[in-house]
Amino acid sequence: MLKPYTGEALIERKKIGNTYIDAYLPSDDLIDAVNLAMQLGRPLLIMGEPGCGKTRLAEAVAYELHGDKMNNHYFRWDIKSTTKAKDGIYQYDALGRLYDVNIGDKKAKDIETHYINYGELAKAFSELQNINGAPNILLIDEIDKADIDFPNDLLLELENKEYVVRELNDKKVHAKSEVLIFVTSNQEKELPPAFLRRCLYHFIEFPNKEKLKLIVSKHIKNMGDQDVQTALKTFEEIRSELDETDKKPSTSELIDWFQMLDFYTKKKDVENLTDTEKRLIAQLDNVHNPKNPPFPQILFKTLAAKRKTQ
Amino acid sequence: MTNIPDIHLPLYGFFGALRKNGFSLGIAEYYVFLETLSLGYAIDRQTGQLDKPATLKLCKILWLKPNQSKFVFEQLFEEYYAPLENISLVTRSISKKNTGEHTSQEHSTIAPKAQVTTNEFDNQNISSNTSKDDQTDEEPTEIPQASDDFPLVKFILGDAIGESVKMNDAPTDKVQKFFFSDYYFDLTKRQMQQVCRFLPVKQASRNTEEINISASVEQFAKNGLLAQPIFKSRERITNQVLLLIDYGGSMLAFDTLVDTFMEALQDTFKTRRGEAHRHICPYYFYNVPGEYCYTNKSFTSYQKSQNIIQNLHSKHTSVIIVSDAGAARGGNSDGRFRATLRFVLQLKKATSRIVWLNPMPNHRWKNTTAQRIGRFVKMYGLDTQDNLQKAINILRGK
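Quick note, the sequences are listed as chains S and V, same order. Heads up: the first sequence runs through residues 1 to 310, numbered per this note's numbering. Heads up: the second sequence runs through residues 1001 to 1398, numbered per this note's numbering.
Think of the hints as simulated: they come from the structure by calculation, not from any bench. One should not assume that every hint holds.
[Said to hold, decoys possible] Residues of chain V clear of chain S, computed beta-carbon distances all greater than 12 angstroms: (1) Y1012; (2) S1024; (3) Q1068; (4) F1198; (5) I1211; (6) C1281; (7) K1315; (8) Q1385.
[Stated by the list, open to error] With the C-beta cut set under 7 angstroms, the calculated list includes, among others, these residues of chain S facing chain V: (9) A94; (10) G96; (11) L98; (12) P193; (13) L196.
In this text, a Cβ means the ideal position worked out from N, Cα and C, and glycines have one as well.
Using the sequences and the hints, build the whole thing.
Right under this line is the structure:
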């Protein structure tokens, strides 16, 4: 029985083992897209502004579907400009084998154990299914960084969920269980139509006011409601002042900024501040410096105004 | 006839319209849509009707791809959805054999409730449930999830396909909306690309430092000694194409055709990194290329033709002039001929690989300026793949 993704498991920051996963609040449209992709068995292509949460989506879905066992069922393949399709599936250590054959080492006979290094995609296909029936999750991050042909080289793997290892006599390996594939792209290059056809597509819009407030509230502990409102308004103004060609600060920048403001709120009245903290607060205080470019100045003005009222 | 909505294959008309307007979708994508409908998405539980916002969302996820016009998509959806308003999609007579095949094909990897339950939607249930009006108002735009108690919606696929072809008509709306589309030109982009494929001259450059491991290993295995490792060669495209495009006036009708041609050229010259602009240089002019040529269609930014010609590397640059040369209106003007000839002769001093593409077919050039110009430059129509092939062959030096 397929458990749908609801987006409710990561409303608060959660701990897994020794690390934390930050809260992730998807929009309703995004939740629908994820569930549709799961149901239909097709990859989900996610695009959006940089910093809007494309990469974190896969992790959030993995957490909700697999909980503590997340690390066994979540696979992440980061694409670089030099990545070839084969790299994600396996790498064959030809030189190592050549060397071993030359020195007469017996282990050269067993190719699979010693000379095949499986990549994230192969690992995702080989992983057994979680008992609760949830699919394994594979994230292919920033697919547009690679060559134009790269997505086309993956068509067989994405559609049939299988891959071929040439060096093992063309051994065909089929995915042992369901795999939900997330693909993110930054719109730097156009993706080939044959690839696009097979994917479902969703564009993550910048969140609306209510959603922004909700997102931000998960990351702060000390700021009052009034301050949050003021800061959000400031952020909106900044975004609207920048035009299309500038990089607008996005959701992740907003979260970073709020964490900074939160820290400042917590620390400003505390005695016995360390030197570093004092310096940091002094920097945040540095408002009327004409050398500052306008963007940070607006930020600092907010804080200074707040300080003055206290 | 146009008033019959296509219940059996819902929104098939919309799907066809999308394809005509350049959305590259295959029939598999339509089957996926039917599959999601039969799982219960976007269908109102009480009435069996399509929920409009949910359907639009579903179609967008399935069919709208990045960099495609959302506006066109939504417009077409509005038109083709109209006949489906208030029509129940659920039918009683279900051909189990057909749907059995359908479900086992599409659901090979996922095992949903569809294969287990054999509920048939009972129309009598609807009337008793209409009192639950508030339920339908709840979250109207959410795509409902398929669940245990949701009755199955099945479609008659086998015999309906023949019928739906008839029903694939334009919507009944009074207002006609128009889109520019390259669907009706003689030469499709694909055909152009097939011909232009051989235009870029690729050269393997030896300046890479990456070792091609598998090739080196193979060489070692063959020769028994490791003499020199084999380096990875990267291909570079060495030639350029100068495009001189007549824009405006009689050429406006061919604007889409010329744009398609330019796109086809750019696609064939795209390098690994996706940079085509280094190799294709388009310039625009009005009727005759004169002292200045413009770098954009609005003629606001220009360069001196002399400079453009001087910058040609004669070995590596081909020149393509795209213009009707007066053939569109059938005019025969001395002034135009002389001015064009002057320009062409200047070009010829720099390179011999010049070709003139005329969007009008050959038989329309008689007694026009085009015919006269055609005696000095190799002129071909942009109307058949054959003609384009001949033009490209000239540019390749054959």
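Would you settle whether the hint for S:G96 is holds or violated, based on the nearest Cβ-Cβ distance to chain V being less than 7 angstroms?
10 angstroms, violated
Minimum C-beta separation from V:S1024 to chain S exceeding 12 angstroms: can you confirm that?
The assertion about V:S1024 is violated, with a minimum of 4 angstroms to chain S.
Closest C-beta approach of S:L98 to chain V relative to 7 angstroms, hint status:
The hint holds - S:L98 has a Cβ within 7 angstroms of chain V, the shortest such distance being about 5 angstroms.
Does V:I1211 really sit off the interface, with its C-beta more than 12 angstroms from all C-beta atoms of chain S?
10 angstroms, violated
Let me know if the C-beta of S:A94 comes in closer than 7 angstroms to any C-beta of chain V, holds or violated.
Constraint on S:A94 satisfied, holds at 4 angstroms.
Confirm or reject: V:Y1012 is not an interface residue toward chain S, with every Cβ-Cβ distance exceeding 12 angstroms.
18 angstroms, holds
Separation of V:F1198 from chain S, once the least beta-carbon distance is taken, above 12 angstroms:
19 angstroms, holds
Minimum beta-carbon distance criterion (7 angstroms), S:P193 to chain V:
4 angstroms, holds
Once the closest CB in chain S is found, is it more than 12 angstroms from V:Q1068?
9 angstroms, violated
Is it the case that V:C1281 keeps its Cβ farther than 12 angstroms from each residue Cβ in chain S?
Consistent with the label, V:C1281 stays out of reach of chain S, its closest Cβ about 21 angstroms off (over 12 angstroms).
Run the C-beta distances from V:K1315 to all of chain S and say if the shortest one exceeds 12 angstroms.
28 angstroms, holds
Is the Cβ of V:Q1385 farther than 12 angstroms from every Cβ of chain S?
21 angstroms, holds
Hints 2, 3, 5 and 10, counting from the list given before, are not met by this structure.
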